[in-house]
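> Taken in order, these protein sequences are the chains called Z and R. Sequence positions in the first sequence follow this note's numbering and run 326 to 625. Sequence positions in the second sequence follow this note's numbering and run 3 to 281.
Please keep in mind that the hints were generated in silico from the structure rather than gathered at the bench. Be careful, since some hints might not be right.
[As the list claims (entries may be wrong)] Below, a sample of chain R positions facing chain Z; criterion: calculated Cβ distance under 8 Å: (1) TYR61; (2) ALA82; (3) ASP140; (4) GLU162; (5) SER166; (6) ALA173; (7) GLN254.
[Said to hold, decoys possible] Okay, the calculated beta carbon distance ranges per label pair: (8) R:GLN54 - Z:LEU512: 32 to 40 Å; (9) R:LYS264 - Z:PRO435: 42 to 50 Å; (10) R:SER119 - Z:VAL378: 56 to 64 Å; (11) R:GLN54 - Z:THR445: 54 to 62 Å; (12) Z:ASP365 - R:SER119: 53 to 61 Å.
Bear in mind the structure is a predicted one, so any value in this text is a computation, not a measurement. All C-beta atoms in this analysis are idealised placements derived from N, C-alpha and C, irrespective of residue type, glycine included.
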Amino acid sequence: MRDDFNIPIDEWVEQGVEWVQDNLTGVLDGIAEGLTVVIDGFEDLLLAIPPLVLAGLIVAFAAWRVGWRFGLFAAFSMVLLFGMQIWTETVSTLALVIGSSLLALVIGIPVGIAMARNDTVETIVRPVLDLMQTMPPFVYLIPAAIFFGLGKVPGAIATLVFAMPPAVRLTNLGIRQVSRENVEAGLAFGCTERQLLFKVQLPLAMPSIMAGVNQTIMLALSMVVIASMIGAGGLGNTVLTGIQRLDVGLGFEGGLGVVLLAILLDRITQSVGTTGRRSARSGPTALIPRLWNTLRGRNN
Amino acid sequence: MVVLLTTGFSATAVAQDTVKIGWTAWSDAEFVTKLAKRIIEERFDREVELLQTDIAPQYQGLSTGSIDIMLMSWQPDTHADYVERVGAKTVNLGLLYTHARLGWAVPASIPASELSSIEDLKNPAVRDRLDGTITGIDPGAGLTRLSREAIETYGLEGYELQVSSGAGMTAALTRAVRRDDWIVVTGWSPHWMFGAFELRYLDDPKGVLGSFERVHAVARMGFYQDDVEVAGFFSRMQLPIDDLQAAMYEAQETSYEDAVTKYIENNGDRIDYWVTGEL
């Protein structure tokens with residue numbers, strides 16, 4: 326059976342990879358150089374700020390956006406990161422997460438908009454998203470390394486591929502869920518297509534889009550750890566080193582760094598999404614006010 | 003507590019009839035492990051279960067008894083970290099093959115007149131061609147630790163060890179060979195990359211990367227007592243390195259199953275000795 330019936334997908338993929346290597350070297354190098362500038366620049370910038378100043382900025386931002394209690398938590402996290410001596414690794418991971426998330430959004434949100442406005446695009450893009458999201462992330466690592474070498478750039482690309490789908494999906498969903506009445510009202514007042522998109526659909530879809538942004542950042546954070554297997558560095562390196570040396574303590578420190586970073590990024594991006602409307606914050610604490618609002622018929 | 007007890011009991015109960023071998027997808031380990039599996043199944047009429055994980059969990063598994071044996075303990079240098087940590091809870095069943103080695107390797111297309119020894123890396127022209135990068139493997143690997151020592155001992159200023167993983171290293175090597183770029187990788191043999199590409203080791207006059215390594219079979223505590231027959235087989239199992247390299251090449255060309263079959267056909271006497279202990 327195995328000998329007679331063989332669909333050689335493995336060979337096709339390998340031939341495809343070889344073809345890209347042989348014919349697109351210039352393009353690949355161009356992409357790599359562009360990304361190196363963005364990601365290294367971002368990391369250099371964050372590392373150039375004295376650690377205490379950067380930590381202070383993060384704490385202040387957390388307190389301003391989310392609240393003073395969360396500011397305390399942020400301060401506590403900073404003390405832990407310094408104490409575990411993984412500050413540089415954390416900043417490096419942060420830079421890679423922000424860099425690859427931004428790229429994912431720059432590509433993903435327009436794709437999401439196109440999907441929402443055109444059913445054909447949706448039919449084509451949806452299975453691609455399924456593939457991107459469910460393919461085990463390890464699979465992306467080797468082609469990324471073969472195309473772009475080792476280091477932060479292939480790490481960022483693998484991360485970008487893995488983290489983009491929620492931004493696309495939730496942008497699409499958000500726009501499609503804008504009610505017909507709102508769209509018709511916009512059209513009745515003489516909106517052009519462009520005005521309809523930017524003044525009616527996107528603002529109303531914003532909570533959904535921001536949820537997508539939040540998910541993208543969270544996925545990027547988990548992928549960045551895996552990407553250290555192709556040299557992306559940062560906290561992932563600490564985790565890998567801990568695992569490989571059977572050094573449970575070191576692995577836990579790296580993992581704890583990731584957790585702290587995840588909580589900070591999660592709460593801060595959520596707060597940006599709701600622009601001051603505290604009641605719309607998600608999570609268990611937001612449930613009661615939201616229920617209350619719903620009961621009173623004030624659906625935000 | 004209840005869970006601990008049950009798993010403890012079931013582990014010993016299963017060990018009576020099923021031999022659990024841990025392995026990692028290194029070409030040499032895969033061949034030796036599958037060879038052992040076939041021999042145990044055919045000659046001892048026993049079930050063999052193979053558990054594939056990363057290398058560190060293998061040692062962990064031995065120390066907790068969740069696997070019976072693994073056939074790829076590189077000693078004395080490469081796996082020194084692991085042996086130090088769990089060695090006291092494991093039993094060494096002896097050599098599988100010797101003359102395995104570690105070293106920094108380069109594609110043969112780089113002229114030996116320009117780069118043949120680690121000392122040559124100090125030459126600024128060579129450093130520029132290499133972008134000041136030594137391509138390494140996993141951050142926690144023994145080879146990584148030794149390579150860092152080498153950078154320091156040879157005073158290789160302006161060099162960085164790019165750590166990633168074994169797969170990352172071979173991907174970078176594949177890329178460099180296809181593009182005719184210069185690259186130095188931290189490697190070991192036996193490894194399939196020496197069959198796939200023309201490579202050579204750089205001389206290591208100061209001997210920092212260690213001399214030849216020996217690969218051992220290591221079992222959990224109590225395996226010998228539980229399973230004298232099979233443990234005896236492992237303690238006698240030993241392959242000449244040339245045989246192993248040939249079999250690895252064969253496996254690359256066909257499959258590990260075919261390579262195992264061929265090895266068993268061609269080495270009946272040796273395998274009889276492994277199984278029975280009679281010369």
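> Indicate, hint by hint, whether the structure satisfies it.
Comparing the hints with the structure gives:
1. TYR61: 6 Å, holds
2. ALA82: 11 Å, violated
3. ASP140: 5 Å, holds
4. GLU162: 10 Å, violated
5. SER166: With a closest approach of 4 Å, the SER166 (chain R) hint holds.
6. ALA173: 4 Å, holds
7. GLN254: 15 Å, violated
8. R:GLN54 - Z:LEU512: 32 to 40 Å: 60 Å, violated
9. R:LYS264 - Z:PRO435: 42 to 50 Å: 56 Å, violated
10. R:SER119 - Z:VAL378: 56 to 64 Å: 46 Å Cβ-Cβ, so the 56 to 64 Å window is violated.
11. R:GLN54 - Z:THR445: 54 to 62 Å: 43 Å, violated
12. Z:ASP365 - R:SER119: 53 to 61 Å: 32 Å, violated
The structure fails to meet hints 2, 4, 7, 8, 9, 10, 11 and 12 from the earlier list, while all remaining hints are met.
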